Amino acid sequence: MIMNKTGHLPYRFCDHIHIQSIGNYTFYIDLFNGGYSIVSNEAHKCITEHVADRDGLSQYIDLTVNELIAKHYIEPDLSKIRIGKSSLYIPKNRWEAKEKIDLLKLHDVSEHEFNMSSFNIEYVKLQKDLDIYEYLCARNSLRVALLGYGVKFPLLWMCNGLFLNDIDFANKGMFSTNFSRQMLDSYIIPVVGEARNSLDWETIDSHLAENSPVLVGVDVYHLPYKYNTYYHNRHGAHIIILLEKLIDSYLILDWCHPDYFYGEISKEDLATARTSNNEKDQESVFNGYPIEASYQLLYMNRLPVKLDLLKHIRNNLYKSAKCMLEPTGAIAFLGKVLQNTPEWIKTYNSVGYKNAIGSFFFLDLELKFLYLYYEEMLNSDICNQFQPQVLMEKIVEIRSSLEQLKSKLIFAYRRNKSIHENIWNELLGIVSNQLGDYCESILRSLITTKKGM
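Letter 11 of the sequence shown, counting from 1, is numbered 11 in our numbering, and no numbers are missing.
If you're looking for bench data, these hints aren't it; they were derived computationally from the structure. Values in this document were obtained by computation on a predicted structure and should not be read as measured data.
What follows is a set of in silico ranges between Cβ atoms, one per label pair, in the way DEER data are often shown:
#: 1; residue 1: S206; residue 2: K319; range: 28 to 38 angstroms
#: 2; residue 1: N228; residue 2: L378; range: 27 to 37 angstroms
#: 3; residue 1: G193; residue 2: G335; range: 33 to 43 angstroms
#: 4; residue 1: K280; residue 2: N416; range: 13 to 23 angstroms
#: 5; residue 1: K322; residue 2: N171; range: 20 to 30 angstroms
#: 6; residue 1: E283; residue 2: H257; range: 13 to 23 angstroms
#: 7; residue 1: H257; residue 2: D185; range: 23 to 33 angstroms
#: 8; residue 1: E202; residue 2: E292; range: 12 to 22 angstroms
#: 9; residue 1: Y231; residue 2: Q404; range: 29 to 39 angstroms
#: 10; residue 1: E393; residue 2: S284; range: 26 to 36 angstroms
Distance condition first, Cα-Cα at most 27 angstroms in a straight line; then the derived DSS-like pairs of lysine-lysine:
#: 11; residue 1: K267; residue 2: K245
#: 12; residue 1: K408; residue 2: K280
#: 13; residue 1: K322; residue 2: K336
No residue lacks a Cβ here, since even glycine has one placed at the ideal position from N, Cα and C.
With the hints as constraints, model all of the structure from the sequences given.
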């Protein structure tokens, strides 16, 4: 890809690049394409270092190629300047929208009208707190995709709640918050296709050609743009967004902190990441199982022209409360555990403790995502009748108590020693009571809002 006169100098040249300093200049040599560019050491230092002075950075990052030539930061022979295969890497403090977008003109969220014509990265850049969306990468990738297509409050269109399932907690310390559930209500917004396991490039390419993205599973160990974090360093399952098929590569978006990568990745590197065994190389719930070329097609043309957001939120709260109150729901599950303390708690069993730590870790992530759901509800200014502030406070209380419980489990696991049964029951009892109180708050909100629906 040749840099033209209207382009911008990218923040960082990525893989296939050899960097060499000579005198007062730094040479970026593209070993893959054979091109090269020259930048002064002063500009190179400003571009590559993580510094707080963003105003100072802008004099280099926001300069056009003509301005860079005038300041003698690059050579005037533009035919020799190439960017390489991986485009740009954007850390959070440099990710800023270049377009001036009037948020009030984006959409009327009460009768939501979508613009499905194209994905716009500038809509994503308007999200200032990207780093708070950690983990839960399938739902976060969908959230970012919806943002890019102009959905102003994407979390409010998604299924959020404590959909907890007991797998084998009594014997092995395992329960699930049902992350495999539908991210969107399929009967309302059938946007997310079924999960598939195949490289199936032909299907993916034809889908991208219709201007709809694809969520793909990858192992971060094989993603070259993560050279400062995971590349050839640590394994871990992750989901990224494919946006466009290029010649021998794909335009992708990886929302995950601290990378925020929007650019190209070669088909070869992507295939390696998609078919990785994702070996167990650290204590992490995200590795130790193969990726198996998982992917899901997103059908953006299925977004309805209009949808009543308030009714959708009310339906989601109802389903969440109903699930918590069912015989197999969260409240009944915790009550059962309180009545019959698991044997692995009383007589130390490392497997039970390890599984429980992972289970409560994911429960905390679900609660964090739920908090962000209510926060977005609060920011929308149209959902105050659901009392999101009250529900947010309940979530904060539960997470605080859950953190104490997790800390006890981790401490016991590291010492190879059981938690005292009374301490376990006391801490779990607090969480159980707070979950019950949270559920009652949802029910009160549903009763109050029913009159106005």
